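A.B. asks: Using the sequences and the hints given, assemble the complete structure.
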Amino acid sequence: MNKRFLQRKLAVASLAATSFFLAAHASAWTLKEAAAPYSGTTLHAIFLDRPGYAAAEKLIPQFEKETGIKIKWDVIPYESTRQKEVLNFVSGGAQDIVLVDVVWIGEFASNKWLVPITKFTGDPKLADPNLNLKGFFPILLDSFGTWNKVTYGLPFDNYSGLMFYNKCMLKDAGFSEPPKTWDDLLNVYAPKLTNTAKNQYAFALQSRRGETQSADSFMRMLWPNGGSLLDAKFKSNLMSPQSQAGLEYRQKLMKYMPPGIVDFDHAEAVNALAQGQVAMITEWSAFYPTLTDPSKSKLGECLGIAAEPRGPAGLKPALGGFSLAVNAKSSAKKQAAAWLFIQWITSEQMAKPYLEAGGVPARTAVYQDPAVQAKYPFVKPMVESWQGGVPDYRPRFPEWPAISEIIGEWGTKMMLGQVSVKDGAQTIGSKMEAILQKAGYYDGKKPLLK
Amino acid sequence: MLNSTVSRAGKAKAGAYAARTRAGLRFLPRSPAFWFLFPAVFALAVIGIYPLLVALYNSVHQYRLADLAAGTPFVGLDNYIATLTDPTFWQALGRTVLFLCLTLPIEIVLGLFAALMLHRPGLAWMRAAARVGLVVPMATTYAVVGLIGRLIFNRQFGVANYLLGFFGVRPLDWLGDPTLAFVSVMIMDVWQWTPFCALILLAGLTMVPKEAEEAARLETRKRLTILWHIERPYLLPGLTAILILRSADMLKMFDAVYTMTRGGPGAATEFISVYIQRIGFRLFDQGLASAQAILLLLLTIVLSRLYIRYIYQEIA
Numbered sequence: 209m210n211k212r213f214l215q216r217k218l219a220v221a222s223l224a225a226t227s228f229f230l231a232a233h234a235s236a237w238t239l240k241e242a243a244a245p246y247s248g249t250t251l252h253a254i255f256l257d258r259p260g261y262a263a264a265e266k267l268i269p270q271f272e273k274e275t276g277i278k279i280k281w282d283v284i285p286y287e288s289t290r291q292k293e294v295l296n297f298v299s300g301g302a303q304d305i306v307l308v309d310v311v312w313i314g315e316f317a318s319n320k321w322l323v324p325i326t327k328f329t330g331d332p333k334l335a336d337p338n339l340n341l342k343g344f345f346p347i348l349l350d351s352f353g354t355w356n357k358v359t360y361g362l363p364f365d366n367y368s369g370l371m372f373y374n375k376c377m378l379k380d381a382g383f384s385e386p387p388k389t390w391d392d393l394l395n396v397y398a399p400k401l402t403n404t405a406k407n408q409y410a411f412a413l414q415s416r417r418g419e420t421q422s423a424d425s426f427m428r429m430l431w432p433n434g435g436s437l438l439d440a441k442f443k444s445n446l447m448s449p450q451s452q453a454g455l456e457y458r459q460k461l462m463k464y465m466p467p468g469i470v471d472f473d474h475a476e477a478v479n480a481l482a483q484g485q486v487a488m489i490t491e492w493s494a495f496y497p498t499l500t501d502p503s504k505s506k507l508g509e510c511l512g513i514a515a516e517p518r519g520p521a522g523l524k525p526a527l528g529g530f531s532l533a534v535n536a537k538s539s540a541k542k543q544a545a546a547w548l549f550i551q552w553i554t555s556e557q558m559a560k561p562y563l564e565a566g567g568v569p570a571r572t573a574v575y576q577d578p579a580v581q582a583k584y585p586f587v588k589p590m591v592e593s594w595q596g597g598v599p600d601y602r603p604r605f606p607e608w609p610a611i612s613e614i615i616g617e618w619g620t621k622m623m624l625g626q627v628s629v630k631d632g633a634q635t636i637g638s639k640m641e642a643i644l645q646k647a648g649y650y651d652g653k654k655p656l657l658k
Numbered sequence: 020m021l022n023s024t025v026s027r028a029g030k031a032k033a034g035a036y037a038a039r040t041r042a043g044l045r046f047l048p049r050s051p052a053f054w055f056l057f058p059a060v061f062a063l064a065v066i067g068i069y070p071l072l073v074a075l076y077n078s079v080h081q082y083r084l085a086d087l088a089a090g091t092p093f094v095g096l097d098n099y100i101a102t103l104t105d106p107t108f109w110q111a112l113g114r115t116v117l118f119l120c121l122t123l124p125i126e127i128v129l130g131l132f133a134a135l136m137l138h139r140p141g142l143a144w145m146r147a148a149a150r151v152g153l154v155v156p157m158a159t160t161y162a163v164v165g166l167i168g169r170l171i172f173n174r175q176f177g178v179a180n181y182l183l184g185f186f187g188v189r190p191l192d193w194l195g196d197p198t199l200a201f202v203s204v205m206i207m208d209v210w211q212w213t214p215f216c217a218l219i220l221l222a223g224l225t226m227v228p229k230e231a232e233e234a235a236r237l238e239t240r241k242r243l244t245i246l247w248h249i250e251r252p253y254l255l256p257g258l259t260a261i262l263i264l265r266s267a268d269m270l271k272m273f274d275a276v277y278t279m280t281r282g283g284p285g286a287a288t289e290f291i292s293v294y295i296q297r298i299g300f301r302l303f304d305q306g307l308a309s310a311q312a313i314l315l316l317l318l319t320i321v322l323s324r325l326y327i328r329y330i331y332q333e334i335a
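Going line by line, the protein sequences match chains A and B.
Using the working numbering, read the first sequence as starting at 209 and increasing by one per residue.
Using the working numbering, read the second sequence as starting at 20 and increasing by one per residue.
Just so you know, not all the hints are guaranteed correct.
[Claimed, not checked] With the C-beta cut set under 7 Å, the calculated list includes, among others, these residues of chain B facing chain A:
| id | residue |
| --- | --- |
| 1 | Leu84 |
| 2 | Trp109 |
| 3 | Leu123 |
| 4 | Arg174 |
| 5 | Gly195 |
| 6 | Gly283 |
| 7 | Ala286 |
Worth flagging that the hints you see were computed from the coordinates, not collected in a lab.
Just so you know, these numbers come straight off a predicted model, no measurement behind them.
By construction, the Cβ of each residue, glycine as well, lies at the ideal position given by its N, Cα and C atoms.
C.D. replies: Here you go:
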């Protein structure tokens with residue numbers, strides 16, 4: 209009896225001691241201490257010339273001061289980023305913090321170029337007890353950072369497609385709110401908002417050859433109509449009535465877009481709205497700071513923001529963004545230091561400063577703050593879009609860049625009328641299937657992951 | 020005594036040096052010609068010949084950078100066959116040849132015109148200033164030329180449409196229309212490379228003996244006759260150089276087009292180098308891209324031989 213009592217006492221005591229130790233350890237975790245062994249390490253990163261990166265650049269000195277870890281970054285154009293990163297991976301170039309676009313995760317992960325985050329989250333010296341992976345919007349963590357159920361990156365620069373519009377132009381044309389559906393946009397709003405003599409147009413859809421054509425223009429028209437690029441067996445779904453309807457819709461809408469729309473990149477579309485040439489655009493949420501900057505935009509109080517219009521299939525807005533991941537080819541020391549940075553910049557604690565510096569964090573908690581909702585009008589439609597979006601808006605497998613090239617070429621040819629919608633879709637479909645065939649999706653060599 | 024010791028020591032040292040040279044460095048040739056040529060050949064080997072050999076090796080292997088797990092097996096001529104049966108390759112090549120055939124004559128004619136103007140006697144300081152001015156476009160980075168082109172031909176804010184506006188022309192959709200995009204790239208290339216033609220041809224003109232030119236002026240007042248009979252032979256070597264260099268340049272023209280139109284709209288300005296870059300650095304199929312580059316190299320060599328054979332003439 210006595211013995212059992214003693215045993216029980218001992219068990220309780222050891223449990224208490226363990227939990228006390230754990231608690232003490234948890235409360236004791238500080239970035240400064242975790243980073244102490246890596247102080248003086250210099251990390252290399254690749255950034256883009258976009259607001260989310262400018263925001264990070266403002267915050268980095270704070271990290272450097274606290275940890276002694278130095279962050280160096282190169283700012284390069286988006287269209288060259290993947291090329292630079294892949295060459296770095298293959299040739300051993302300096303890049304410790306890897307910028308991973310949603311459509312590169314499949315390629316980078318299956319080449320084993322990225323370190324799964326469990327390597328760090330399982331290490332109590334490196335894992336912040338407040339990491340809280342569940343605090344990210346699930347669609348963003350799954351889409352930008354996870355491949356085949358393994359998480360590699362934490363969402364960093366996050367976008368949803370939104371509708372930005374010129375309230376004043378809409379009001380002058382007799383509309384008190386933006387179109388709720390794509391159908392309304394084309395048939396009700398567009399005719400009233402277009403005046404070619406005055407060089408004014410209802411809508412601009414950035415469609416320049418490249419990822420802009422494939423992601424921002426082509427795919428944007430497929431989903432809301434119930435179409436898609438691929439069917440469940442990874443065969444082309446572009447000839448389905450829904451996909452065809454979406455692509456035909458784009459042709460019809462071109463009448464209400466500025467001439468030369470096939471040469472419009474993001475900058476041109478945003479500028480067309482900012483300068484009052486067009487009344488509405490569907491663009492990434494990240495362009496909000498540009499459109500509210502008086503030195504770049506004439507809109508001022510006229511700027512309105514809403515979720516993208518709905519199609520017969522509901523709200524299916526564009527989804528895009530980047531996660532940050534650790535390069536598997538960096539030294540162990542740099543990997544640990546890189547993880548500490550990634551964990552810090554995407555943390556719940558940094559979400560608000562990041563937002564205030566012009567970034568768009570992926571943390572749910574920060575957007576629940578009513579003050580934040582009031583200050584940033586893009587928050588409500590963006591959160592709504594992230595709750596209803598399509599995680600594989602663009603397939604994330606390694607073959608996407610090759611397919612994107614084909615869509616870039618044939619999608620613009622289609623818009624220019626050099627090829628009919630049907631023939632263009634047929635061509636894209638057969639070229640895409642040839643790529644997927646070669647990759648081994650049709651003979652079971654590769655799992656159907658996207 | 021001291022002297023003889025020193026000289027003996029000196030001799031011994033020289034002997035030892037000679038022996039060491041004989042023993043250790045015997046394989047090095049003594050000819051000064053070797054040493055004069057060595058740096059150039061070495062540099063060429065590092066920056067030209069080695070990459071060429073690597074490209075040759077890659078072109079007969081499967082070499083996909085973004086899928087190295089698939090290995091790099093020998094595939095024989097598969098990459099070459101794939102290239103030669105790829106309609107997009109031929110379309111891009113055709114477009115490039117069209118660009119070459121349209122742009123190069125314009126550059127040569129304008130360059131010749133500028134060279135003849137600069138060759139006229141008088142106003143020496145203005146000619147000197149013009150010559151310096153001619154170097155500026157050539158010194159501009161290709162990618163920057165493309166970016167400037169994007170600004171000049173912007174439909175809404177560009178200078179091109181602004182100037183056309185004075186003549187009552189409605190704004191043209193320079194970069195959004197396939198034909199006009201092609202023309203825009205042509206205009207930028209003419210702007211950048213006409214001065215090069217002018218300077219080379221001017222160098223040829225300065226070699227024409229003054230006496231011959233003056234004698235010809237006494238014979239005829241027709242400028243074209245003098246150009247054809249007296250100056251032409253001195254212009255031909257320069258012309259051949261222009262043809263070879265500009266053809267090679269246009270076949271590998273990439274930066275300016277990429278920054279200006281990215282090969283679009285559609286495929287309107289997708290020249291062969293833009294296409295090869297797409298295969299090599301967007302799809303990362305280095306094997307296929309290498310095969311395409313080797314074929315392009317062959318084409319350049321053939322063109323150069325043709326130019327030399329039919330146009331080049333030694334000045335007697």
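A.B. asks: Hint by hint, say whether it matches the structure.
C.D. replies: Okay, the hints, checked on the actual structure:
no.	hint	verdict
1	Leu84	holds (5 Å)
2	Trp109	violated (15 Å)
3	Leu123	violated (26 Å)
4	Arg174	holds (5 Å)
5	Gly195	holds (2 Å)
6	Gly283	holds (3 Å)
7	Ala286	holds (5 Å)
Violated hints for the displayed structure, listed by number in ascending order: 2 and 3.
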